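> With the hints as your guide, set chain B onto chain A.
Protein chains: 2
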Amino acid sequence: MLPDEVKEQIIEIVGEQDFQDSYTNKLVYSYDATPQFQAMPDAIVAPHNTEQIAQIVKVCNRFKIPIVPRGSGTNLSAGTTPLEGGVVLLFKHMDKILEIDEENLTITTQPGVITQEIINQVEERGLFYPPDPGSLNISQIGGNINENSGGLRGLKYGVTRDYVLGLEAVLPNGEILHTGGKLAKDVAGYDLTRLLVGSEGTLGIITEATLKLLPLPPAKKTALTLFEDIHMAAKAVSDIIAHKIIPATLEFLDQPTIKVVEEFSKVGLPTHAKAVLLIEQDGDSHKVEQDIKSISTICKQNEAFEVHVAQTKEEAEALTTARRAALSALSRLKPTTILEDATVPRSEIANMVKAINNIAEKYELDICTFGHAGDGNLHPTFLTDVRNKEEIERVEKAFEEIFITAVELGGTITGEHGVGAMKSPYLHLKLGEAGINTMKQLKLALDPNQIMNPGKMFAKSNRKKVVIKHEYA
Amino acid sequence: MLPDEVKEQIIEIVGEQDFQDSYTNKLVYSYDATPQFQAMPDAIVAPHNTEQIAQIVKVCNRFKIPIVPRGSGTNLSAGTTPLEGGVVLLFKHMDKILEIDEENLTITTQPGVITQEIINQVEERGLFYPPDPGSLNISQIGGNINENSGGLRGLKYGVTRDYVLGLEAVLPNGEILHTGGKLAKDVAGYDLTRLLVGSEGTLGIITEATLKLLPLPPAKKTALTLFEDIHMAAKAVSDIIAHKIIPATLEFLDQPTIKVVEEFSKVGLPTHAKAVLLIEQDGDSHKVEQDIKSISTICKQNEAFEVHVAQTKEEAEALTTARRAALSALSRLKPTTILEDATVPRSEIANMVKAINNIAEKYELDICTFGHAGDGNLHPTFLTDVRNKEEIERVEKAFEEIFITAVELGGTITGEHGVGAMKSPYLHLKLGEAGINTMKQLKLALDPNQIMNPGKMFAKSNRKKVVIKHEYA
Numbered sequence: 001m002l003p004d005e006v007k008e009q010i011i012e013i014v015g016e017q018d019f020q021d022s023y024t025n026k027l028v029y030s031y032d033a034t035p036q037f038q039a040m041p042d043a044i045v046a047p048h049n050t051e052q053i054a055q056i057v058k059v060c061n062r063f064k065i066p067i068v069p070r071g072s073g074t075n076l077s078a079g080t081t082p083l084e085g086g087v088v089l090l091f092k093h094m095d096k097i098l099e100i101d102e103e104n105l106t107i108t109t110q111p112g113v114i115t116q117e118i119i120n121q122v123e124e125r126g127l128f129y130p131p132d133p134g135s136l137n138i139s140q141i142g143g144n145i146n147e148n149s150g151g152l153r154g155l156k157y158g159v160t161r162d163y164v165l166g167l168e169a170v171l172p173n174g175e176i177l178h179t180g181g182k183l184a185k186d187v188a189g190y191d192l193t194r195l196l197v198g199s200e201g202t203l204g205i206i207t208e209a210t211l212k213l214l215p216l217p218p219a220k221k222t223a224l225t226l227f228e229d230i231h232m233a234a235k236a237v238s239d240i241i242a243h244k245i246i247p248a249t250l251e252f253l254d255q256p257t258i259k260v261v262e263e264f265s266k267v268g269l270p271t272h273a274k275a276v277l278l279i280e281q282d283g284d285s286h287k288v289e290q291d292i293k294s295i296s297t298i299c300k301q302n303e304a305f306e307v308h309v310a311q312t313k314e315e316a317e318a319l320t321t322a323r324r325a326a327l328s329a330l331s332r333l334k335p336t337t338i339l340e341d342a343t344v345p346r347s348e349i350a351n352m353v354k355a356i357n358n359i360a361e362k363y364e365l366d367i368c369t370f371g372h373a374g375d376g377n378l379h380p381t382f383l384t385d386v387r388n389k390e391e392i393e394r395v396e397k398a399f400e401e402i403f404i405t406a407v408e409l410g411g412t413i414t415g416e417h418g419v420g421a422m423k424s425p426y427l428h429l430k431l432g433e434a435g436i437n438t439m440k441q442l443k444l445a446l447d448p449n450q451i452m453n454p455g456k457m458f459a460k461s462n463r464k465k466v467v468i469k470h471e472y473a
Numbered sequence: 001m002l003p004d005e006v007k008e009q010i011i012e013i014v015g016e017q018d019f020q021d022s023y024t025n026k027l028v029y030s031y032d033a034t035p036q037f038q039a040m041p042d043a044i045v046a047p048h049n050t051e052q053i054a055q056i057v058k059v060c061n062r063f064k065i066p067i068v069p070r071g072s073g074t075n076l077s078a079g080t081t082p083l084e085g086g087v088v089l090l091f092k093h094m095d096k097i098l099e100i101d102e103e104n105l106t107i108t109t110q111p112g113v114i115t116q117e118i119i120n121q122v123e124e125r126g127l128f129y130p131p132d133p134g135s136l137n138i139s140q141i142g143g144n145i146n147e148n149s150g151g152l153r154g155l156k157y158g159v160t161r162d163y164v165l166g167l168e169a170v171l172p173n174g175e176i177l178h179t180g181g182k183l184a185k186d187v188a189g190y191d192l193t194r195l196l197v198g199s200e201g202t203l204g205i206i207t208e209a210t211l212k213l214l215p216l217p218p219a220k221k222t223a224l225t226l227f228e229d230i231h232m233a234a235k236a237v238s239d240i241i242a243h244k245i246i247p248a249t250l251e252f253l254d255q256p257t258i259k260v261v262e263e264f265s266k267v268g269l270p271t272h273a274k275a276v277l278l279i280e281q282d283g284d285s286h287k288v289e290q291d292i293k294s295i296s297t298i299c300k301q302n303e304a305f306e307v308h309v310a311q312t313k314e315e316a317e318a319l320t321t322a323r324r325a326a327l328s329a330l331s332r333l334k335p336t337t338i339l340e341d342a343t344v345p346r347s348e349i350a351n352m353v354k355a356i357n358n359i360a361e362k363y364e365l366d367i368c369t370f371g372h373a374g375d376g377n378l379h380p381t382f383l384t385d386v387r388n389k390e391e392i393e394r395v396e397k398a399f400e401e402i403f404i405t406a407v408e409l410g411g412t413i414t415g416e417h418g419v420g421a422m423k424s425p426y427l428h429l430k431l432g433e434a435g436i437n438t439m440k441q442l443k444l445a446l447d448p449n450q451i452m453n454p455g456k457m458f459a460k461s462n463r464k465k466v467v468i469k470h471e472y473a
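Protein sequence lines, in the order shown, are assigned to chains A and B. In terms of this note's numbering, the numbers along the first sequence are unbroken and rise by one, the last being 473. In terms of this note's numbering, the numbers along the second sequence are unbroken and rise by one, the last being 473.
The shape of chain A in the complex, shown without the other chains (with noise of 0.2 Å):
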């Protein structure tokens, strides 16, 4: 519980409407969309503004009570279950565009803005603005920068850090900073902009970005390929590749995910393929023309059984829709779904693929694999029951390999998901002792109290999972 003093200073500068803390509230935020996770907050804050942020901060400072900044909540890696209490700080009244630049190319938005929403609008104005995570129907844009969250367009154009042109953060010790600008070059001092893009909340409070923006391509061609085996496929989009040519998406799945998708969906997905290979071009019409038809070509060559090409624009929105739907249909089938990113290069994709299913193969697990290829971003899913304790201890031994196997192969434990809680333990297989530490020494140098959403990314022996403050029930 906070301190009476506390709860009164936060009510002092948002109002009684704003602050939360009864236990229906609270357990409404004990959980974000990661499963295994929960943990009761203190208290829910939603402020109106940077100044009363900065002050809610001020006070959270000195009284040391933990601030878990959250958006949606779609995140897969507990980055916003208040794990240690403390209060959890809404955007829902942040969330507007503030301003769309066309002669700069930019757009200048609050951080409770729905991803979907930002995309619809620069869209309307013949603009681009290309992450595209898998939530993005309700995602919020805060949420997105403090994840550096990824999505299918990731391959040619990259994630959501590519497009932070500058932000407005308020830090831990409840000063704003103002970070980057309108600028294609700047190089005025450390490039905080990135440092705060991904922190996942442990560094700030993201309450204003600058994002930059692209023309909207002209033209776009979506194509299913499919395959007979699973190594044709990654080997198709290596090659897919190797003759220079970057699709806009390049996604992967398997025939489990193919089956359960499609019985989700119903456009029409092949059951029979073994693999899938979902590929969509866009830019002027003529290159994607001529892209589209060298990879139909790839891809036979590769032993693709066939090769369609989605004749109308709603065609190719309803295969793109029905990829985007992979985790809502795997999520059907058991009571829990555990869904990973280890990514490795593209070049080692058949390879992880392969190790993915032998993985699940030794643990005796169900798994779909499905993911962003040409990223080499695979997303095995695992199909389970928290409540079953043994089969979730095999769960986590086989992630534990599959992190292992990625790291081996040169790849990295997240792609695009966080580290959050849920991977935190795994960190160090990436970073390493000297990347661990130096993680730490910039944490504690901004945040030495450390109330900015703690135990995230920094792995602690004692876990909390499941946790429901027995005082409140």
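Don't read these hints as lab results, they were simulated from the structure.
Because identical chains cannot be distinguished in the list, a pair is counted as satisfied if it fits within a single copy or across any two copies.
Heads up, simulated DMTMM-like pairs for lysine to aspartate or glutamate below, C-alpha to C-alpha not over 20 Å straight-line: (1) 220 - 284; (2) 212 - 239; (3) 58 - 433; (4) 244 - 284; (5) 293 - 303; (6) 212 - 162; (7) 244 - 124; (8) 443 - 175.
No experiment lies behind these values; they were computed from the predicted model shown.
Coordinates of chain B only, in the frame set by chain A:
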């Protein structure tokens, strides 16, 4: 002078032949390409590998000896002047390209490789490394990474930062850090890669880098457009972008610059034009044709009195080479050429050019302005003489006004040259107190003894200039 113990230990590590401390050798490394800054180092060391660098850093950290990592010293911000003495660390023995990976589109390189060599090697394989700083013929890639170098292609392709996927670096405590990898997506922990990029050697020593490559665009066209009115040229820049065309380069030269460059390069530049835009587009040949046609129309609508499209590759290259020679050409006119790179949002270029000319007039200075108009990254260049103290004072006042104006227009004090010692007194204009404090906290966390390139980035009251230590003379 280095303590005997330190000298002995460093010689033990690198060998006699790679340790130098004669007066002549130290004099050579007492300055870089930046006018007005000079200070003697205590020694010059040329290690052969990362392990040797780690050992040297440990010795220096123990004895609190400054280390200045130095590529070719082409930076223009006194970033590699050994202002507090110590050891200048060279990469002449670490000059190998380690791998070009055509499947993952990456190059892995030691820091001492010349930028142009990287470009040549990858272009031979149909690949493309876009960052092209003005000094690429002699600059080292390690220096480019330390400075986050820009170049002519920044508008369309971004800067060095956008191509660094992974780093090996020796931290100030001598530990070896590995970040990133051949990965399109990686969110495992803070973005240490980009914290190091552009940190100007103040946070560590980069010993290896993995860089992202693109497919080489198959076609390229270059156009020269001539304007009677400098503001119409600036308006044409905005209009091109507003028409959703992003040229590969979009360079601006004012009349004084054109005259000097033509005299130097004799490529037939139109010295009667008040302003010139040099525009290059690359990509698919069909799209390039289309874009160059649209750009020509837009320029004519903005009162360009001539639009000339280069007819051959040789002609196009002569134009680009002439533009690249601008600084060399200008430096022939007066003993001292001081070039800045204040940067504004693209929409403010006309206002910035106007302000620069007013400031030059106010302080009665000769100024030539050229630069990357598409980025809002201008290079106002004063032609002066360091021996004329009175004039140099006016130059400094003029620059201060230029920096203040740039920041007022939403810009920054440096777009691509870095802060170094030269712009550290102005950094607060851009970052404010919160920004400077944050940087200091990060710096002290990683380098508590402040051995890494001291006197850079952070302003000191006791700024040293043209200091030759007489003990050696």
